[in-house]
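Visitor: Read left to right, the sequence shown gives residues -1 to 327 (the numbering used here).
Since the hints were made in silico from the structure, they are not lab data. One or more hints might be untrue.
No farther apart than 25 Å at their CA atoms in a straight line, the calculated lysine-lysine pairs in the DSS-like style are these [stated by the list, open to error]:
{"hint": "1", "residue 1": "Lys221", "residue 2": "Lys295"}
{"hint": "2", "residue 1": "Lys182", "residue 2": "Lys26"}
{"hint": "3", "residue 1": "Lys285", "residue 2": "Lys295"}
{"hint": "4", "residue 1": "Lys56", "residue 2": "Lys29"}
{"hint": "5", "residue 1": "Lys29", "residue 2": "Lys142"}
{"hint": "6", "residue 1": "Lys142", "residue 2": "Lys295"}
{"hint": "7", "residue 1": "Lys221", "residue 2": "Lys285"}
{"hint": "8", "residue 1": "Lys221", "residue 2": "Lys56"}
{"hint": "9", "residue 1": "Lys221", "residue 2": "Lys26"}
{"hint": "10", "residue 1": "Lys144", "residue 2": "Lys285"}
{"hint": "11", "residue 1": "Lys182", "residue 2": "Lys221"}
{"hint": "12", "residue 1": "Lys21", "residue 2": "Lys110"}
{"hint": "13", "residue 1": "Lys29", "residue 2": "Lys110"}
{"hint": "14", "residue 1": "Lys179", "residue 2": "Lys26"}
{"hint": "15", "residue 1": "Lys56", "residue 2": "Lys21"}
{"hint": "16", "residue 1": "Lys56", "residue 2": "Lys26"}
{"hint": "17", "residue 1": "Lys56", "residue 2": "Lys110"}
{"hint": "18", "residue 1": "Lys21", "residue 2": "Lys295"}
Simulated restraints on C-beta separations [to be verified]:
{"hint": "19", "residue 1": "Ala119", "residue 2": "Thr262", "range": "37 to 45 Å"}
{"hint": "20", "residue 1": "Arg267", "residue 2": "Ala138", "range": "25 to 33 Å"}
{"hint": "21", "residue 1": "Glu213", "residue 2": "Thr260", "range": "34 to 42 Å"}
{"hint": "22", "residue 1": "Phe181", "residue 2": "Asp75", "range": "43 to 51 Å"}
It should be emphasised that the depicted structure is a prediction, and the values quoted were computed from it without experimental measurement. Glycine is no exception: its CB is placed at the ideal position from the N, C-alpha and C atoms.
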Amino acid sequence: MMSLASLPIWLLRWKPMIEDVLKRFAEKFDKDIEREMNALRGGTLVNAMRYSVLGGGKRLRPFMVLLAAEMGGLTYDDVFPLMFGIELVHSYSLVHDDLPCMDDDDYRRGRKSTHAVYGEAMGVLAGDALLNYAYEYMLANAVKAKNVGGYITAISCIMVRAGYMGMLGGQSYDIDEGIKKNFKRDDFINMYSGKTGALFQAALGAGAFAAGLSEQDILSLLKCGNYLGIAFQLKDDLDDLTQDQKGVDQKEKKPCLTMMSTFTEQSAREYIELNRDVAIDAVSEIKGSENIVSFIKALLSFPSTEQKKGAKDTEEKTETEQGEQDPKQ
-1 MMSLASLPIW LLRWKPMIED VLKRFAEKFD KDIEREMNAL RGGTLVNAMR YSVLGGGKRL
59 RPFMVLLAAE MGGLTYDDVF PLMFGIELVH SYSLVHDDLP CMDDDDYRRG RKSTHAVYGE
119 AMGVLAGDAL LNYAYEYMLA NAVKAKNVGG YITAISCIMV RAGYMGMLGG QSYDIDEGIK
179 KNFKRDDFIN MYSGKTGALF QAALGAGAFA AGLSEQDILS LLKCGNYLGI AFQLKDDLDD
239 LTQDQKGVDQ KEKKPCLTMM STFTEQSARE YIELNRDVAI DAVSEIKGSE NIVSFIKALL
299 SFPSTEQKKG AKDTEEKTET EQGEQDPKQ
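Construct all of the structure, not just a fragment, from the sequences and the given hints.
Guide: Below you can see the structure in the form of structure tokens.
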């Protein structure tokens, strides 16, 4: 059984340590969800579902469910169905995002996307099946929960924020031609609030509802999730633009290019930091929120001047050494 509560708070204050905790969490979580996916019986559809879910990933959303749940004394095992459920929802969204009628991407996380392997029609069905299985699995396990009412509310929290008022609503901004013709900063923020912020809200909210936290604490965690999601997605796009993009297809940069039409690099950094601070302020007064605050800081940290200089020096040294090699070798 994994418990973040057993870790000293100072351990979670440093990004390398957070990354180590996340890595260990993901390793355990991946084994557990592989067991659950392998228990499914069926033909090509089930194979496509497995392929979609077991393709790796940071598992941030399940981790956030656990962070919130532990504030109320729950454990990994207590909220595993919610963690698995929200990862299934996230996986379905990625399968549908990659479809030719949406982002038209043939690759996801360094390998072929689901529809590129199983065909477009099966990709649609695989996404639909993952969404339905998420709710089926969570509801089937709700009766075993310590707080059944809280668990049902947690499931509802995920369902609502995955729907038209949340994740799907955010995605609609990305494909609505009427909006795209005159894309403003508010549209951009609404898009990321839905596409990313909604499931971040769902993760923290689900853990909080299951743990029976107070109404005020839950509202604070939901607010945190929204601003954290906006900042996270904006930083992800900014990182894509400021890092080496050799070999990246231009259509994969579409959200990044949209971002650059509304932000400069400096204003994007400032907006990320603003949203990060709002997210931290929202939860900083909640008892036991230290791990969430540390997680936010690690997730949204920028390299220091010294770190960037060191990375640049290393890159230049490598290029020099490669240039000095005998081309005949």
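Visitor: Hints broken by the structure, by number, lowest first?
Guide: 2, 6, 9, 14, 20
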